[in-house]
Structures are given as C-alpha cells and as structure tokens.
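Enquirer: Each chain, written out:
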Amino acid sequence: MNLLNELLRKLLFLPAQASQWARELDYLHYFVFVTSMLGAWTTLATATIFVFRYQRKHAQQTTPIVDPKPIHEAVFIGLPLVLFLSYFAIGYPQYVRLQTPPKGAMDVYVQGKKWMWKFAYPGGPNSTDVLRVPAGRPVRLLLTSRDVIHSFYVPALRMKQDALPGRYTQTWFNADVPGRYPIFCAEYCGLGHSAMLGELVVMPAAEWDAWMEQQRRGSQLLAQDGRPVGIENEDLRGSLVEQGRRIAAVQGCFKCHTVDGTQHIGPTWLDLFGRSVKLEGGKTIVADEAYLTRSMMEPNAEVVAGYKDKAVMPTYQGKLAAPDAAAITEFIKSLRTDAPTAEPQKGPIYVPVTGK
Amino acid sequence: MHTDAAAAPSRLAHHFPDMKTQEHAARMGMWLFLSTEILLFAVLFTAYAVYRFLFPQGFDEASKLAHVAMGATNTVVLITSSLTVALAIHYARLGENRKVVGLLGVTILFGLTFMVLKGFEYHHHWVDGQLPGRLYHYAGLQGPGVSMYFTIYFLMTGLHGLHVLIGMSVLGWVAWRAGRGEFGPGYSTPVELSGLYWHLVDLIWIFLFPLLYLM
Amino acid sequence: MTATTHSEGKHLGPVHYVLVWAALMVLTGVTLAVWKTDLSHSGRVVAALAIATVKAALVAVVFMHLWEEQGIARLVLLVSALFVALLIGLVMADNATRFPYANPPYSESWKDDPWRNEAPPMQADPGPVRVSPKTATEHPASHKP
Amino acid sequence: MSPSPASSPAYNTPNYLNAEKGVRSWLTTLDHKRIGVMYLGLTLFGFFLGGVFALLLRLELLTPGPTVMDAMAYNRMFTLHGVIMIFLFMIPAIPGIFGNFFIPLMIGAQDVAFPRINLLSVYLYLLGAVIAVVGMIQGGTDTGWTFYTPYSTTTVTTVAPVLLGAFILGMGSIVTGLNFIVTVHTMRAPGVTWMRLPLFVWAMYATSVIQVLATPVLGMTLLLVAFEKVFGFGIFDPARGGDPILFQHLFWFYSHPAVYIMILPAMGVVSEVVQSAARKNMFGYKAVAFSSLGIAFVGFFVWGHHLFTSGQSTFASGVFGVLSMFVGLFTAIKVFNWTATLYQGAIQVSAPFVYFMGFLYFLVFGGLTGIALSSVSLDVHWQDTYFVVAHFHFIMVGGTIMAFLAGLHYWWPKMFGKTYSERWALAAAVLVILGFNATFIPQFLLGNMGMPRRYYSYPEQFQALNVASTAGASLLAFGFFMILFYLVASLVRGKAAGPNPWFSRGYEWNTPSPPSLANFPETPVIDRGPHEYQDGPAAEVKHAH
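Chains as they are written, first to last, in this note's numbering: chain A, -13 to 342; chain B, -10 to 204; chain C, 144 to 288; chain D, 805 to 1349.
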C-alpha cells in the first residue's frame, strides 16, 4: 500500500503528504485517476479500433441505419453516472471534514495582505510569512485579508482557503510530518502575487511548546516596554532596508513604482537616490533624503518631468509615521544597480522568526 | 423586429413564407428580449435579497426614509398607463388609429408624471445625503447595511427609470406611426411589441414598490 | 397581428382590461393596508410578495396577452422566472448556511457570536443601526413620508 | 479531398460572394452567409491577437524569474489573453461563423429570422471589441478576465472601458442567440421536423438559450463593478458591508454557462463531421439532441463549483458539486454515441476526421478532469492551480478549437467553393494535436505539484514542466500558421470544389458551392433525416439536387 502510494504520488508529480487528510485526498485522487483513465481509454480504444476496422472502401459506400436500443442508452447513462456519483460520495464527506474543525483545535489568525502572510498565535505572539505549528495537533486557521482576496494554499496539506477582506473564513489541518513546506497565494492579488510566498514549519510538539513559551515571554517583555502587541504590530527584526521594503509593499508603493528600472505609473526607484532629477517646469533637483520624504508627504509639489499627467500619487502625510518614511528612504537608497538588489525573489523567502 | 415588418411595402420580408409566420417570429423575438430584461433585473433582485437578509434592521430603518406617498402614486400611475397601452393595442387591431394616438399620448404623459415624481424623490434623497455607498452622508441614520439600501434603491429605480424613458420614446415613435394611419386588422405588431415592453416595465415596478418602500 | 393567429373566443376586450385595472388598484390598496397593520415583519414580507406576484400574474396574463398567446411565450416567461428564482434561491442558500463570519461584518449572521470579543475586529464596530430623527428635519427640503 | 464528379467551375455561377461587389455591399449586407464570413475574419483576428499574448505569456514563464517582461506587463497580458480569447473568439466564433452560415442552409430557409439584427450583432461585436481592447491596452487593465472584486475595484489601472466593452459584446451575443432561437422555431422548411433537425442546429439552439438567459446577468454584474469603481456605489465593497462572494456568484452564473456557450456549438460541429466522415447516421440521435438541452439547462445550476474554496457554505458546495456530476453525464452520453456512430461506418480519414478524433480524445480527458475537479474535496487542492488551467484549455483548445478546425475544413469547400491541399491539412492537424498535448499535459502535472495560476515567477522546481509547455505552445502556434497559409492559398489557387465534395447527406450540401444568394432556387421539401446513408448513389444524386 505504502509502496503503491509512493509510486502513484511520484507518477502524478504530487508533493509530499504532510497530513492524514492529504493522504486520504490522494487516495481519492488515485481512485479517480485510475477509474477515469480506464473508462477513457476503453472508450477511446474502441473508437480507434472502429476507425481501423471500418475504413471507407468506395466514395459512395452505403451503411446500414443503426439505432440504439434502450439498453444502450441506459448503459451510456448508467455507467458514468454511477462512477461520477461515487467520486462525489467520497469527495464530499472529505470536504465536509475539512470545513468542520475539531473541538479543541488551536486557533491561528491568518491575515493576508499585499503581499505577505501574517500569523497571530493564541496569547499574542505573531510572525510574518512563517507559520510554525506543532506536529500531530489540530490547528484551525481563521483567515482574513487587509486588502483584496488572497488564498492560503499549502500543497503539502492539499489545503486551500480564500482570505476575504473584512471577514473570516476558516479551515483546519493536522500536520503530522515535521518539516518545512511552502505556502502559496492562490488567488490573483496583483504585482506581488507570485512573490507572496510563505513557509509552514511543522515542529515536533515538544519543540513547538518550548518555542511558543519563549515567544510568549518575548511578547510580554515587549508589552511591558510599551510596544503595542497584536496582529498589527510590525515585526521588529530585519534591517531598516528590509523594513522599508515591507512598508513600501504594504502602502502599495509598488503599484506605481518599480525597483528594477522599468518605467511605470511613477518613476522607478532604481538608482533614484542621489541622481539629478529634472522636474516639471525645468528645475533640476538632487534626489536626497529630504526630497524623497517631501515627495511622500506632498507628492504633487515637485513632480518629475514627464509625469505631470500621471500625477496621481496620494499624499502619505498622516499615513506614514516618520520612522516608516525613513525606512522607505533607506530602502530606496539601497536600490542601486551596482549593489545586490533586494527585489526579484526566486523561490520562497525564508524569513526568520523572532526568538529562534 | 418591427422595422423588418415595416420595410417592405407589402410588409412581408422576402425570407418569410407568410405574414402570420413573420409576426409570430416578431412576437417570439420580443418575448425572448423580455426574458433578457428579466434576467438583467434579476441581478439587482438577488443583491437586494442577499443584503436584506444580511442587514434586516438596516434595510428596515432605511426603507422608512423612502417616500411612500410618491411611490404609491407612481404605482397607480404606472398601472393606469398599462391599461391605456392595453386599450391602445385593442384599438390598433381594430384600425382606430386616432384612438391609438390618444391613448399612447396619455401613456407617455403618465410616464412623464412617473419620471417627474421620481425626480422629486431623488432630489430629496440627494439633499439629505441619502446616497449609495461612499456618497452616503446622512447623519440621521447610520449603521450596517444602511448605505447598501440606498445603493440598491438607486440602482433598481435608476435602471427601471431608464427603461421608462426608453419605453416612452418607443411608444412615441409608435404613436407617430399610428398618426399616419399605419395600423389595422392586418398589421398591429409594432403597437403590440412596444406595449409588451411597457407592461414589463410596469410588472417590474409592481415588485420594486413593496420591496423598496414597504419593508 | 391578424385575428387568425388566435383561437376564436379567447379574445380579451376593453371590459376585461378595465376590470383587471380595477383589481390591480384594489391590490395596491391591500398592499398599503397590510403595510400599516401590526403583522410581524416576515408576515408583511410574505404578504407583500404574494400580492405583488398576483398583480404581476394579472399583468402578464391579461395585459400581455399570455391568455391568447401561443405556448412559446408562456414557456419563455416561466423559464425566466424559474431561473430568477434559482439564482436568488441558491445564492441566498449559500449566505444562510455559510460559516457566519464569512458573511459581511456586523451583518445578521454575526449576531450570535460566541467569541465576538476574541476575534480581532478588522474595522471599528459600527454598533447597531442608529436613527437620530432631528438631523433629518433640519434640512428645509427634506421631509418624512 | 477527392474531386467531385459533378464539379463545376466555382465562380462562374452567381453566388453570394459575387452577387454584389464592393466594400459597401459587405458592410451593409443582410445576407447570413456574408455575415458569417465577416465573423470569420473578425474572430480569427481576435484569435490571432489572443494567441500572440498566449505565446508571450509562455515565453515569460520559460524561466523562474523575470524573462522578457515585468510583473505588471505579465498581469496585463494574461488579462488581454483571457478577455480576447473568451469574448472575442470562443463565444462568438462558432455561432457567428458556422451558426450564421449554416443554420438557414440546414433548415431550408432563405435567411435568419431578423437579418438586420444579425448585422447589428456584427457591429456590436466590432464596437465592443474595439472598446475592450483599446481600453485594456490604454488603461493597462490587470484584473484577469474574471474581474474579481475587490481587486478590480481597487486596482490603480483602468477597468471601466473593458467592462463596458464586455457588456456590448454581451449584447451582440444575446441578439445572435435570440435570432437563432426564433429562426429555428419559425423558419424550418416543410419536412424539417424537430426530430429531423441536423444535430448542429440542435446544439446551436441549446447554446442560444444560454446566450439569451445568462448574458444579461454578466452585463449587469459588470456594470455594477464599473459603478463601484467609478462612483463608489459599494455594492461589492467589503468596507461597506458588501459581499465579494456575491460578485463571484453573479459572475459565474453567467461564466459557467458561458463555458457551454463555447463547447456546445463545438459538439454540434463534430456531430455533423463524424456523420459525414463515417457515412453513418448518428447513433442515438435523440440522446445527442436532448443532451444538448440537458447541458444548457443543468449547466445553469452548477456555477458554485468555482467557489469551493472561496468561503461558500458547505451545504451550497454539496448542492453545486452533485449537480456538476449531471452536466458531466450529458457530455459522457454524447461521447459514447459519437463512438458508437463509427460502428459499421465507412470512415474516410480526412483532415476534418483527424480533428474529430483529436476532439474526442481531448474532450474525454478535459471532461473527466472536470468531473474530478467537481468531486469537491479534490478541488481544494486544484482550485486556482495550473490543473484548472490545463483542464479548461483541454476543453477550450482541445475541444472547441479542434471542433472549429474540423468544421472549418469540412465546410471550407461549401463556404468558398475551393478545395485545400489535403496533404498539408493532414500534416498541420498532426502538428496541432502534438503541440497541444505538449503544451497542456505538463500543466496538469504543474497543478498537481501545486503551482498556482497567474504566477509571474515561480520556484525553481516548476521549471522543467514549464519549459516543456512553452515548447509545445510554439509547435501549436506553428501548426496554426500552417493552416492559415494553405487555406489562404486555396482561395487563390484552389480547385473548384463542386456542390458536394464529401458526398455528404447533410441538408446544407443540397446547395451549390458557394451557395447562391437566395440559398435555394425554391423552398426545399425534405423527406428524410439528415445523414442517412442506407441507399445507393442514385439517391445521393437525387438528394444533392
């Protein structure tokens, strides 16, 4: 059984199975695959044999009128119906199980936003893009979104659920094989859709308990220091540049500004810092920290030449705190063709989680 | 559809075997067109059903802001206009074209009355800020689902009002043709088809009135 | 249209039209009367929709000549009505049986929230529907029905 | 193709092509055949545009990171590809071309019921297409063809023009459908009873019912999105209590039946092709005819299978899931009956027949993967991955386009009175079928691996299969260009086809090739069902004139 499972899984290019539900779903997959392939090839082989058997002998050959007996049509209807309904009879209860979290499952709040995943665990700890769960314990996810629809997808769990703005959807899983599995966003959400990658880390339960304990202590300390905690709390780690990149993504800067030199709705940020910029009206200015900050707060005051018709940038006065604006400026400074770029990622981004 | 019938002097297009088939085809085409209109409105009825189910209280309170007196008057006006159209069809079949012109004229006046009253209602909602979605700024009533009521209210009555305007223009054109004495026992299809359209507009209002004003 | 397309004896005349018009007027009155009664909310909804359906049927059968029309027109109307009913019915069936918090926030299905306080709200709770009538009368042009 | 014994010089006789001359006579024509030819030109241009964008998408996906364009350009391109292929080719192509050209010929009528409205549909198509395509290119629409809210209402790009364009294209689609329904009801020649209707006409009739009843829902829904985007009406706005899932319900109420608008005409085309190529009447004519109506009807109540992971209720998913199985059942009935039609036939392996076999293979696998997708739990894994992409391309490209090519090759001699090179046609058919397999089979596997759709970049483990898919796509494109080449060549230097080069007994072959302006010298009287081949050539000759 195990060998057959592995064989079929490899044959169908399916990823690892990290939960019992994933395994059972694969069994349905194999059943559907084998039975429908049998049915399909029987039909198609029959058709192909007919093609060879009944070749036309002369141009105006006559053929008998062959009309079906009721039994033929009954078989044509009955066979596929039984097969199809059996797929449904197996599949639907599985789906119902996925929609009904067991009592006592641990709740994790998942928030999708352009273009990252945030996870909040019971008692305050939270993380970005990396979800750590204990092996062998049920986890219920309550998903929501800050902006548009995202879809939380873990191929190894064969599990996917849309995250809708302003409301919650739920799903659950019980991962039982420790390991690291990719998380994708499966609902198209804009420029960073394919870079909205996360990682599910399934830890042995004891290890997870210890990690969680550490997290809780950490967030209590932070709380005592007067920092707000909760899902809104931006993570503190990472360099200023990395923070700037995140804030820019969250604020939607990349809807208009690129970081790879291509021109878009707004000027590109690549090599922007320190460059002499020609403004609308003929003036030239050096893009320094002051200019970049002014452009965030009063975007239409000094518009770069050629962007007058596209001067659609809203002011970020009041939306960006001073440290955030500084972080974005740092991020822009880091975007140089002669420096390693921070953007296009290939493969999942592995972001370390606090306390580990 | 009507134009095909009118184009040839004999009114029989070359590809139809006889007049009877041609008019049967025209009426069938009109009924199919009416079904597309019904499905067009169905979207808004679905949205109404869903949001009323989700926000019963908000819809309840918001519908109290609707002007029932004007809505009820408009109901009477539209139903009566349906009667005049039905009579116009009757007289068109008899070939009494002057009566047709008169009845259609009255119908158009009813339609105009409807639109004027609707305009007053819209004006009141406008000055009070009882507007759809993010335009809603009426301080007298706030809460979940309230602005959604006005979204649906304006979309439904707006689409319906557009249909009233289209109906009035079509009836005006038919009345002009009746004035030229075109209709009679052998040919009254344009009156019937435009009448069908007008009745559908009435039929939709029959549902809109209780849903938007009285719930 | 020629009279030959209709089977004889089924024709409707002005008398029928006026009678139907009178019936529609009466039914409009009944709708308004029901609205004024103390009937429960759902009772009024059902009554209003039932009356509207009867009125619509009268318009369709008499004014729109379904009475004397060939089968295809009736079929078209019935099929459209069926599809409208199924569209509304199936969509509402989804809203009514969903995970409650997958419906819009603070809608009816969020009312019996066993852990409302636990869920981090995505936006400020707007609270219940608030009516403050004074602002409505402040404006000279506004009036209450 | 064997030359007909009764071959006559093609353009010496008066026909619909040379009856009137000049551009103006084409732009104002009310003739259903000319309107069909205009649709052929317009939709093929749409197909070419959509195909170019498809190739660019495949090119971008050759490497995991950026290859030839940035993410914004990629997002715009898959929107263009989707909107153009669906609204400008898939939905209007077979009804617009073959429906217009052959429905009147197949029922023995002189024209469709409302010729002016038919011409109007061409102009609505043109207007809608121009607004949509120019709007998308100018405004850089990046929503995907599904226009999901709130993405479509919050994106910085322009969305309203493409919504308006799609609305107008929808109106064109509605009037085409309305016209066909009335035509089939009122204009059948004496003897063409409902049970003698060619199966293509049955399929087009079922399609038209969907077009008339579903398209208004899409039109209104798109207008609502435009109202929300432009004026902030908030009907789907989550911040104002709006429900994005409601948009999905309304959108798929049209867009799922729209899939049947695309595949039902294709099923009709291959029903004609297989009967003619096998010289055999359809096995289970009634089953095939009524399963078209069954698909049209049940197809309306399965839309929720696009929403299994959207937050839709468990109960609703169950209802939609089980209904989906019945739609699959109707398709299965057709497949079995087509196969059984080959039994005791006299099969000529011509280009149309090769495409028919391709269609049969692809439809079976496309259909069965659809059934697998609607078994609810499996969809949780596959939803929004390349598995879904491969599934619907099997149906759309493998089904509809194979059938379109089958019909094009089968009816080309009738439409233009010329024969094409059979050798080139067979070579191109083999190329297209191979290219198709190479393009889309890897995408099933990508979906199994978990690669989501609409991905600009992807983790490296997905690269090998993506490269295979891109290679297949270039083969496919090459095949299409080959077809274009020899078909155009046949117009210039093809031999005259004669009225009935296939010795087919479909009613439409009772006319000269190309047909005369009035179709039939006098109203034909039909005394037998279509495609009955039980009697000898004497009956053939009698039947053909």
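What the hints contain is simulated information worked out from the structure, not anything from laboratory work. Positions of the beta carbon are idealized from the N, C-alpha and C atoms, including for glycine. A portion of the hints provided could be inaccurate.
Said to hold, decoys possible - A few chain A residues that face chain C, going by a derived Cβ cut-off under 7 Å, partial list only: (1) Tyr78; (2) Gln80; (3) Gly152; (4) Arg153; (5) Gln156.
Enquirer: Can Gln80(A) be said to touch chain C, with a Cβ gap under 7 Å?
Expert: It is violated, given that the least Cβ distance between Gln80(A) and chain C is near 18 Å, above 7 Å.
Enquirer: Quick check on the hint: Gln156(A) CB to chain C CB, less than 7 Å?
Expert: This hint holds: Gln156(A) lies near chain C, its Cβ roughly 6 Å from the closest one there, short of 7 Å.
Enquirer: Under the criterion of a CB-CB separation shorter than 7 Å, is Gly152(A) in contact with chain C as hinted?
Expert: holds, 5 Å
Enquirer: Let's test the interface hint: is any C-beta of chain C closer than 7 Å to that of Arg153(A)?
Expert: holds, 6 Å
Enquirer: Was the hint right that Tyr78(A) lines chain C, CB cutoff 7 Å?
Expert: violated, 15 Å
Checked against the numbered hints above, the structure breaks hints 1 and 2 and satisfies the rest.
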